[in-house]
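Just so you know, the sequences run in chain order A and F. Take the working numbering: the final residue in the first sequence is number 384, and no numbers are missing along the way. Take the working numbering: the final residue in the second sequence is number 1150, and no numbers are missing along the way.
The set of hints was computed from the structure by calculation and includes no laboratory data. Please note: incorrect hints may appear among the correct ones.
Listed below are several chain F residues computed to face chain A (Cβ distance under 8 Å; list not exhaustive) [claimed, not checked]:
{"no.": "1", "residue": "Pro1048"}
{"no.": "2", "residue": "Pro1054"}
{"no.": "3", "residue": "Gln1055"}
{"no.": "4", "residue": "Trp1074"}
{"no.": "5", "residue": "Thr1075"}
{"no.": "6", "residue": "Phe1076"}
{"no.": "7", "residue": "Val1077"}
{"no.": "8", "residue": "Val1096"}
{"no.": "9", "residue": "Leu1098"}
{"no.": "10", "residue": "Phe1132"}
{"no.": "11", "residue": "Ile1135"}
Short, incomplete list of chain F residues facing chain A, as computed with Cβ under 7 Å [what the hints assert, rightly or not]:
{"no.": "12", "residue": "Ser1073"}
{"no.": "13", "residue": "Ser1118"}
{"no.": "14", "residue": "Val1121"}
Note that beta-carbon positions come from the ideal geometry of N, C-alpha and C, so glycine has one too.
So the chains spell out like this:
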Amino acid sequence: MTLANEVFVLGVGMSRFGGPYQPLDQRIIEASLEAIDDSGVPFPEVQSLYLGTSLTASTYGPPVVKDLGLTGIPITRIENASATGGATFYEAVHAVGSGRLDLAMAIAFDDPATSAVPDFNDVEDISPILDPFIPPMAFFSMWAVRRMADHGTTPETLAAIATKNWNNARLNPKAERQATEEITVERVLGSRMLAYPHTARMAAPQGAGAAAVIVGSRKSLERFDITPTVRVAAAQAHSERYGEGHLFTGAIIGPPEMVRRAAFTAYEEAGVGPEDLGAIAFHDAYAIEELLYYEAIGLCEAGEGDRLVHDGETALTGRFPTSTDGGFIGRGHPSGPTGIAQIWELTHQVRGTAGDRQVAKPSNALAHIVGAGSVCYTHILQSV
Amino acid sequence: MTKATDMTDSTETPNRSKVPTSYGFGIDDEPIVIHGSQSDELGTTYWPPRLRCPQTGGTVSDTTLATTGTLWSWTFVHLPWSGEETPNGVDDGYAVGLIDLDDDGPRLGMVLLGAPDSFEVGMRVEARELHFKTIDGNPQSILAFERLAG
């Protein structure tokens, strides 16, 4: 599905992920007010509200956002595992892109500490919802072991990706992981082993967080006298197709064919190619994912991802800066809000307001996120 | 009290008291039979059994799958195995693998038996039943794979 009408990102906001304890209600209102202030649009003008959460109880959300205003608009809760934030943004974007609305707001949030559903990496908790013996970290680690056999990838490459993301997070005041000193490959390799070859520092932390975004039509720009900076050039939602090696059980994310299809459909919608991307947000819950997704979305040919890492092409100063806010590994992955945190980061990158982690101002930026099951959302933000 | 899972500086293994009890459908006691489905139109086989063919939406028939295969990949998970005997003879985790069954069969994710350093991509494996008691004394049987004898 493509967008029939132009959609613009008007405002973004997010709470710090993880960090000192803060009630989730406060994080939600903090992120929402930041997005409202950033947009210049009064909340009563928002025509529909989409709430993304994958871990909270079924009634959580609508009562919290009463603090923004009781305006009688539709409020819809959305859940799609790790991709919940991407799904929530997608629905808001398509509500405007279809011409049905002029202004929509997406707010996503979660607090794993008060989760109403199991911890997917806890073998006790996940049974019998998911494969009880193969938690997500095992699936991704098996991707990594296979990659090592096929292409000679080493744990050092995975550690280099994680190190980049940890150090990018040091430049992001809203990231969960705020290391006080530069993280090294050796330190990543030396942390506790989760599932070979992934160590704990190659995996995402799961603190609480909230993020929000307001999108609007061209008509809304005129109505509120807004000069647009960021356009949503593509908004794609995909799920798996059956293919060789498909798994029907467990928290599977893949195969990467779904990621490739979502990205290349997004390129077609936006009229760009991978070579036009100036910043990329990935679903890097485990380091192997980022490596495989480089190739899946076409940043390089199959088997060349390792070179991309070691040549620094995915660093902030590289040709394809990736996970500029720290990604899942550095910024954190509360679950629900992660996809909108990606939009927060890429909006700032496209605007040129990303502070110390600003890359060469990108004309196009891509946000990629997947969810167990499996689903994939890909958005391309474009400078205006 | 936060339940955040960033424990990068911890050397302690989380303390868990039991192994999940719900796993594995389509296994019998002796001999091992892995039940699956076959697309009536395409002939493709699937595991676990499906209600309809995921490629055509058409009907499927019950079938039995090969009990031997090739290890597509593996890993060793550093989470506690709380049965009385561990699958790999060590206390700090257990091995799992993705197995491509013979005869163009489907890929399965299963526990692997054998020493933690004995696995390699491409090795031949065969199905075994793993019987164990959970920490709270409940008997459990799951399908597992180990290196093909010979």
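Status of each hint after checking the structure:
no.	hint	verdict
1	Pro1048	6 Å, holds
2	Pro1054	5 Å, holds
3	Gln1055	5 Å, holds
4	Trp1074	6 Å, holds
5	Thr1075	4 Å, holds
6	Phe1076	5 Å, holds
7	Val1077	5 Å, holds
8	Val1096	5 Å, holds
9	Leu1098	6 Å, holds
10	Phe1132	12 Å, violated
11	Ile1135	11 Å, violated
12	Ser1073	4 Å, holds
13	Ser1118	13 Å, violated
14	Val1121	4 Å, holds
Hint compliance for this structure: hints 10, 11, 13 are not met, and every other hint is.
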